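Residue numbers (the working numbering), protein chains in the order written: chain X, 1 to 618; chain Z, 619 to 1733.
Hints in this document: simulated from the structure, not taken from any laboratory. Treat the numbers as computed from the prediction; the structure is a model and nothing was measured. Treat the hints loosely; a few may be bogus.
Stated by the list, open to error - Simulated DEER-style distance windows between Cβ atoms: (1) X:V461 with Z:P1538: 38 to 46 angstroms; (2) X:L261 with Z:Q900: 25 to 33 angstroms; (3) X:E334 with Z:R1219: 47 to 55 angstroms; (4) X:P456 with Z:Q1122: 50 to 58 angstroms; (5) Z:Q1122 with X:E334: 44 to 52 angstroms; (6) Z:Q696 with X:A294: 32 to 40 angstroms; (7) Z:S715 with X:A294: 32 to 40 angstroms; (8) X:S66 with Z:R1219: 28 to 36 angstroms.
Said to hold, decoys possible - PhoX-like mimics (lysine-lysine), calculated; alpha carbons at most 20 angstroms apart, straight line: (9) X:K80 with Z:K1100; (10) X:K366 with X:K433; (11) Z:K1100 with X:K611; (12) X:K611 with Z:K1120.
Claimed, not checked - Over 10 angstroms on every C-beta distance to chain Z, these chain X residues come out as not near it, computed from the model: (13) R62; (14) Q405; (15) F455.
All residues carry an ideal CB built from backbone N, CA and C; glycine is no exception.
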Amino acid sequence: MPSGCSIRALWIINNQDAVVFSRKFPVVEKRWRSAFNTSDGSDPPRLPTDQQLATAFTQRKRREGSARGYGLRVVTQSTKGSDSWLDDPITRHIISLPLSSSEEDDDNNESNENDEMNILWPIVIQSKGLYCILVLPLVEPKEMRDFVSLCDRSDCGSAVGEDLSLSSLLLNMSSITGALMVAHSFGDVTSGETVEPEVVVAASPSVGGLFDSLTGSIGISSRPRPVAAAPVASSSSSSGSSLTGAAALDAPKAGLLDKDLLRNFIASAMPFGTPLDLSLSNIFAMKANGFSSAEPPHQDLKQPAWKPYLYKGKQRLLFTIHETINAALYDRDEIPDSVSVAGQINCRAELEGLPDVSFPLAGLSKAHIESISFHPCAQVPAHGIDKQNIVFQPPLGNFVLMRYQAGCGLGPPVKGFYQLSMVSEDEGAFLFKVGLMEGYKSPLSMEFCTITMPFPRRRIVGFDGTPSAGTVVTTEHSVEWRVLGSGRSLSGKSLEATFPGTIKFSPLKSRRRGDGDDDDSDGEGTENVVNVEEVLVQKMNKDLPAVEMEEPFCWQAYDYAKVSFKIVGASVSRMSIDTKSVNIYPTTKSPVEYSAQVTSGDYILWNTLGKAPSAAVV
Amino acid sequence: MTTPEKTPTKPLSVHDWDVLISDFQDSNAPRDWFTSVFSLSSLPDLALTSLLKKDFPLPSKLSILVFLDEFSHTLFPQCSHETSDRFIEALRAIVQSPTTDGSNGLKEQALISFTSVLVTVESFSVRHVEGVVDLLLALVNRPNHGFDRQARAVACECLRQLERGFPGLLSDVAGHLWTLCQAERTHAVQAYLLLFTTVVFNVVNQKIRVSLISTSVPLVPFNAPSWMRDGSLGLSQGLGADQKELRRVLAFMLESPYLFTSCAMMEFMGMVVPLASALELQASMLRVQFLGMVYSFDPMLCHVVLLMYTQFPDAFEGQEKDIMRRLMLLSKETQIYLVFRLLALHWLMGLLNKVVLSGEIGKRKSVLEMGQKFHPGVFDPLALKALKLDLVVQCYVSSNGLSGGDKSKSAGELLQECLVSVSDFKWLPPWSSETAVAFRTLHKFLICASTHSDSDPSTTRSLMESSLFQNLQVLLVDMTSKFPILVPVVVSFIERLVNCEKHQWLGERFLQTIDEKLLPKLEKRCLLTAYFPLLHRLAENDTIPPSRLIELLTKFVLSLVDKRGIDVGLKLWDQGTEVLGICRTLLSHHKSSRLFLGLSRLLSLMCLYFPDLDVRDNARIYLRMLVCIPGRKLKNILKPADTVSPSTHPSTFFTVQSPRFRHDPNKSWNLSSYIHLERVTSLLVKQSWSLSLPSLGVGNDGYSIIESKVQVDEIEQDSSQELQLLPDSRRIESGKPTLRVMDAKIAEVLERLRRYFSVIPDLRHMPGIKVRIACTLRLDAEPYNSIWGSQNQSPELDKVDSSSPALFATVLKFSSSAPYGSIPLCRIPFLQGEPHWDKNVTNDEGSLEIVLLENTPKEEEKEGLGGGASVTVELEPREPTPGLVEVSMEANAESGQMIQGKLESVPVGIEDMFLKALAPPDEHEDTIPSYYSALFNALWEVCGSSSSTAHETFALKGGKTAAAISGTRSVKLLEVPAETVIQASELHLAPFVVAITGEQLVNIVREGGIIENILWQEEEEEGGQATASSSMGVTGANRDPLRLTYIGYGDDQEVPMTRSRGKMGKIKMLMFLPPRYHLLFEMEVGEESTLVQIRTDYWPCLAYVDDYLEALFLL
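Starting from the given sequences, assemble the full structure and let the hints guide the process.
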C-alpha cells in the first residue's frame, strides 16, 4: 500500500462527550477492509456508530483520567493495554479507543482485552475550544497490531533503542502526521479562528503602522478577498500560559457547530478522505468567490495549487519581523539566566503574476540563529541554507515566510531582580530592581512594560509600597506594576526603577487539613525545616495539583514575576531585512516595506530568595 | 429492487431526511418511523427523487449526497439495474444542468458522492462505471477553462479515486491525461498531475502493457480496457509500460512538485517513491529534488523526506547528520504545535534506532555527538522534556557502548544534569507531573542497557556491575533519605522493576542497597513514618536479611515508648499498627528461624511496653503465633484470603501444592463426629421441646402492638411479620390520648415505664437487641486425620500435619426454625486440631440430658491457649423462646481440600434469653440500683394489675411502635434450703437481682460479695404492696385462662402459710426477654423452702421457666 495520508473517519465531540459531527469516508474504509482481509483473512469490525464512539470515548476518559490521558505510566491508574501503559507523552495526542463489541455496552472489559482488533488506533485527538476533534487515519493492519502488542507488554516499560517501538512506528506512518494536520485544520474551523472571508479593508499604510495594515486585508481588484490567517496566530501555541487565554477567547465564538461549513470544507479539502489542501483561507476564498472566465490563467507558468488566485492591482511587498522573547532571569551565581528569541518573518506580497522574490538574510550571521525553517514556497537547496540568500514564490495573502530560534543579540531588554521574602506565613516583603532597555539604541523603542506578581494560591489582603516609576494595580491574586504605561514609549535611553513593598495574604486554608491526618509529616517537618519559608513551601505544596504535560512545570509552585512588554523599531536578535537588496523576478517596480516588533513571551523574573525551576546549560 | 407496495406517494420532506440521517449516524440503521412505511432498499430511489426536485433546498440536497456516500454499504448492497441506471442518469442530470449561482457546491458534491458510491459498492457494472467516467472525462477535457476550474479539479480527483478503486481503468487514456497535465495552467493542475501519477503508478504496479504517451484511443466516449470488461485480468498483464516512456513521464512529474500543496505532496511522493524504486531510478535524483523540503516548517513535508530517506538510505549517505540535526532543531521551534515537536523527536529516535541497529560505527559516532544538544530547556513543556531526556539517554548509552564508557561524562554527572530540568520533583508532591517525568527518565536510564527485547541474560548482570547502576543506587538512596516525600514514588519505581520478569533482579538489588545504605541513616532519625511503605517492601523480600530492619523497628518502638508523654492517641496507635504490619509481612515472607530472635524481642517489647493497648494486644497475638505456629503454616495463615491461590505466588511453598481439591461429600458427611461446636456454658435444661406459637397468638394475649397512624415507612417494610399478622381490628386509635382516671401512683408507674420503654429498640425499625451465645469450635485431630490424612499428597506437609491438623478459612453458617432473625455467619481463619478430646466425647453424648453446673466454667479456663476457636452465635430474637440453631460449616484443609457439612445443632435455652434490662443513658450511675428497683416495682405492678393500665401503651425507641402490657402471674414453691437458693442465684442469676429485702437475707448475700450494686432493704416492707398484689392476684388469676402454674403450688391460699415459716427476706429479680418482654421473680426465701412469685408480660415463657427453676434449684 502506498504511503500517504488518508482518513477513515473523523468525529467532533463536544464538551458533554456527545458526537456533534461525524464523517466517514467509505472509499478509504474499503481500502482498510481489503488490507485487513488480506493480512488477516477475516473482516475487520465496522466503524463504530456515533453513539458507540461517544461511549468508548467516555470510557477511555474515565480510565485515563482526562480526554487526553495521563501520557505517562501512572503508578496506580495505568493498566495494561491502555495508552498510558506505553509511558509516552505522545499518547496524549495519538490515542486508542477500545470499542465495546456490538450489543453489550459496559461491562465487558475483559472480553475486549482478548479481542485485540476491536481497538481503534491511531486516533489523533485535538481539542480546541469546546470541541474535541478525533481523526482516524488509515494505517496498515500490521502497524496496528504492532501497537496493540506494544500496549500489551507486561514488562516494566519500553526502553529506548528497542526494535519494536512507538518511535519506529511513528517514523513509518505518514498518515498520522497528516491526520494531525487535518485535526488542527478542523480545530481552526470549529473554533472559528479563521477570519470571515468577506472582510475587506482598504489599504492605508500610513494609518496605524505597518502591522495593522498587515492584519487588515487589501482587496484584489476590488473583489472580496479572504483575510489570511493572522501572522502571529500560530505563535500562541508556543507557551502554555498564553494557551489558556487563547482557548478562553475561542469559547464564546464556537457556540454552535456550523455543519454546512464543515461539509464544504471537507468537500474541498479532502473529498474522499485524502487531504489535498488544508489551507482554510484558500478554500473559503474559493467557496466564496468561485472563478470567473475573465480571470485567465498565467500565460506561461503553471499556477501552484496553493495560489488559486493571482493578484491584480497596485504592487508592493511587505515584511514584518515578529519576535517573542522568552527569558528566565534568576539573579543567582549558580544558575545562569536563559534568554531566547523565537522569531518569524511575516510577508505579504501584493505582486502580479507569479514572480520569484529573493533577498539576502542579512541578519543571519549577526544574529545567533539556532534553527531556521521556511514556508513550503521557499526554495531551499538540498544542502540547506548557507548562501544566506532566500528565494521564494510568494503565495497570496499574509504568510509566515520563515521561523527561527535565536539568542538575544542585544541582551535582555528588561534586566533586574525580584526578591520576595516571607516574614511570616502570611506576610512578605518584596523588592524589585529593574533596568529597561539597557544598551538599546534608537529606533528601538519600548511601548509599554508591565511586571506582574501572580499569587494564584494566596489571596492578597494587604499591600504597601510605592515604585520609583510607574503605577501599581492589585487584584485579589496578583500585583501588577506598570513600569511603563502605554502612550509613553521609551526610546533611545534606558530606565532604572525600583519597587520595594510589603504584601499580606489571608491565612492559608490548607491549615485545617494539616492538623488532622497529615499529622506525621507536620511533626517531621518542624524537625527538619529551619525557616519559615520552608515550612510554608511544604504546606503550600501539599495540595498542589499535578500539571498537564503541556506545561513546562508547575507554575503554582514558585514565586515569580512575569514581565510583559512590546518593543518596536527593530528585532532584538539582530535579524533584519535590507529592503534595498530585495529582488523580484520578473523585475517590477514595487515598494518594499519592512517593520519589526518584539513582544515578551514567558519573560520571568524568579524570586531570588525562593526556589526556581531551571535546566542544565550545555 | 424497488418495492412498489411500500413506495409512498408522498416523498420524504426535508425534516424527514434530517431525522433519517441522524438515525443512521447514531445507530447505522433507520428507526421504526421509517421502516414501518418504507423499505430500506427504496432509500436510494427516494434520495434520487429528492435530489432531482428543483424546489428542494440546497443544504438538504448536499446532506443527502453525503448521506448516500457515507452509508453506501448499507443502502446499495443489492440495488437493481434500474436503480443503478437511474443513479447514473441522476448524476448526469445534476452535472449537466445549467449552473446557477450557488449550486456549484451541489455539482461537486454530487460528483464526489456518486463516485464514492461507485467505488465502494460492488454491485455496479462496468457499464455504469464507464458512464460516469465518460461524464467526468468530458468535464476534465477542457484545460484552462477559467470558470469551472474547481469543478475540473474535483472531477480529476473523482477519476483518480475510480482509477484507484479499479486499477488500470484509465490506463488506455493515459496519453490524453498527460497532454491535459501539460496544458493545464490554473491551480487545478495539481489534480491533473495526481490523476496522471495514479494512472502511471497503477500501470507499473499492475504491469499493464500499455503506452503512456500514445493518444490513439479516443478519450471520449470512454471504454474501459477490454480486459476489464471481459473480467479476464490475467490476459492483459504483460511486462508493463515501456521503460523509456516511463522515464520520460517520471521526469515530467518530478519537475512539478513545487506546484503541490504539502498534503498533495505527501500523496504524490507516496506513489513516486515506489515508482522510482521500481524503475531502479537513481535515488540521488530524488534527494536533490526533495531534500530541501526538510527545511520547511510543514511537518508533512519533513515527513515525506524522512520516508524517502528510510526508503533509500544509501542515497542519503553523508546527509544523515543534516537530517537528524534538522529534526532536532524542529523540536526546538516554539512556534509549531507541541505535538509536532514531539513527533520530530520520535522520528529522530526511530532514525537513531535504525542507525544503531545498522551497526555502522562511523555513522553512529557522528550522530551520537548530538547527544548533549538534547538537554531540555527550562520552558520546554514537560512532554517535550520527557522525550528529550529519552534521547539524551539513548545517545549516552549508544555512545558509551561505542567508546567503552571512559571518554564521556560519568553516568552520575549526566543523570544529575538530566534531572535538573525536572529538579523540582524532589519537593513537589509525589503525584506531580515533574516527579513522573523524573522517575520515568531514571527508569529509561536504568534499563536501556538491558532491554526487554534482548534475550541475553548477561546484559542484566553486566548492568548490575556497571557504574551507571552504582550511581543510580547512590542517587536513589540519597534522594530517599533527603526527601521522605518521595518514598511512595521510589516504592512504585522499585515495584515496577520487581514486577518485570527481566528486571526483577534490579529491583531486588535496589532493595538490598536500601537495606544496607538507607536503614542506617534512618536509625539516627527515628522518623520512620514516611518510610513505612518502603519498609514493607523490604520486609516482603526474602533476599534481604531481616535483621537490620528489625533492629530499626526496635529502635523506633523504643523511641515511641520513650515519647509516650508527648504523643498520645491515634498517632501512636497508627504507628504501632504500622510496625506490626511490617512484622506481619516479615512473618509471612521469611523463615521463622531467621526472624525468631529479633522479632520475638521486638514483639515482646511491644506487648509489654507499647503505650497503646490495642497495639499491645495485637503484638501479643503475633508473638504467640510466632512462638506456637510452625513457619509454613504461619505463612499460610497470614496470607490474605485472596492471595492463597497457587498461581499468584511463585515461591516454593506453593509448588508442592496441587490445584485445589474440590469438595468431597463422602468425607464430609460425618463432619460432626470430629468437629464440634459447643456452648461454653451448657444449658441447665436441655430443651427437648419448644413451645412454638404463631405470633398472632402472642398478640392476642400477651401484647398488642398498636401502630401509630403517622407511620409512613410501613409500606416499604412489608416484610415485617408483625404487620402482616396484625388484624386491622386490633388497631386502636392511639393517636388521640383518651382521658382516663388514674391515681398518682399509677401515673408514676406509667411515667417510669414510658421512660423505660423508650430505651428499648424497636425491632421493626432498627437493629434489635442481640443475644450472644458463646461457643467453642474444636477439631478432633485423630478422627480427622484418619479421614482426611490419606489425601495429603505432600510428604513434607504430612510430617507436620500428623501431629496436629488444621483448618483454614472456616465459615460457619447458622440457621434456625425458631424466630431468631437472621444469624450472621462466623469466620474462623485458623483452627488447629487437638490430639485428644475424650472428655468432650462424653460431654457430647450427654448433652441431651440436663447437665450439671460444675461442668462448664473450668473448661473455659483450660481452653485459654491451645484449644478451639471461640465462636459467638448472635441471635436477634423476635420472641424469647428456646430453640435449636442449626450449623453448617465450610472450611479448607491444609491440602486445599474443601470440607463442607453440618455440625451438631446448638441448643438455645430460655436462660439465654435472660438479659439485663436496659437503663436510659441519662440515668446516673449512682442511681442505677434504685432505678432498677423502681422499674421492677413498676413492672410488677403493671403485670399484676392489668386492669388499671390495660389501655396504656408505651412507645418504643424511635416512637414508631408502641407496646401494651398484659401481665400474667404464677408461683412456684421450691422446697430447698435457703443456702441452695442463694448459691444458685448468685451463680446463675446474679446480674438480674435488683433488690434484696429482709435483714437476714441481706446479710447473707452481702457477705457473699457476689451480688453487688443493688438496692438493699434491710427492713421488709410488708405493708400494702404484698396484700395488694395478692388480692389483685386472685382476680387476675381467675381472669386469666392460660395460667400455667401447675404442680399444685399454684394455689394462692398456701402461700402465706409457707411464707410464714422462717422467712428470711425477698430477692427480686428482673429479667429482660428480648425483644421487649420481661420476667420478674420475687423469691420469698425461707429457711426450708422458697416461694417464687413469677410475673411476666410474655406468658408463653412460663412454660420454660418452670423447668428452668427446677433445674436450677432442685437438681
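Quick rundown of the hints versus the structure:
Roughly 52 angstroms separates the CB atoms of X:V461 and Z:P1538, a value that falls outside the hinted 38 to 46 angstroms. In this structure the hint that X:L261 and Z:Q900 lie 25 to 33 angstroms apart at CB is violated, the actual value being about 47 angstroms. Against the hinted window of 47 to 55 angstroms, the Cβ-Cβ separation of X:E334 and Z:R1219 comes to about 49 angstroms, which satisfies the hint. For the pair X:P456 and Z:Q1122, the supplied restraint of 50 to 58 angstroms is violated, since their beta-carbon distance comes to about 44 angstroms.
The hinted range of 44 to 52 angstroms is not satisfied by Z:Q1122 and X:E334, whose Cβ atoms lie roughly 40 angstroms apart. Under the hint 32 to 40 angstroms, the C-beta atoms of Z:Q696 and X:A294, about 49 angstroms apart, miss the expected range. As the Cβ distance of Z:S715 to X:A294 is approximately 23 angstroms, the hint placing it in 32 to 40 angstroms is violated. Between X:S66 and Z:R1219 the beta carbon distance is about 51 angstroms. The supplied range of 28 to 36 angstroms is therefore violated.
Between the alpha carbons of X:K80 and Z:K1100 the distance comes to roughly 33 angstroms, so the proposed pair goes past 20 angstroms and is violated. Restraint check: the Cα-Cα separation between X:K366 and X:K433 comes to about 30 angstroms, which exceeds 20 angstroms; the hinted pair is violated. This hinted pair checks out: Z:K1100 and X:K611 have alpha carbons roughly 17 angstroms apart, not beyond 20 angstroms. The straight-line distance between the Cα atoms of X:K611 and Z:K1120 is roughly 39 angstroms, outside the 20 angstroms bound, and the hint therefore fails.
With a least CB separation of 18 angstroms from chain Z, X:R62 remains clear of the 10 angstroms interface cut-off, as annotated. With a least CB separation of 6 angstroms from chain Z, X:Q405 falls inside the 10 angstroms interface cut-off, contrary to its annotation. Under the 10 angstroms C-beta cut-off, the non-interface status given to X:F455 relative to chain Z holds; the minimum distance is some 18 angstroms.
When held up to the earlier numbered hints, the structure conflicts with 1, 2, 4, 5, 6, 7, 8, 9, 10, 12, 14 and fits the remainder.
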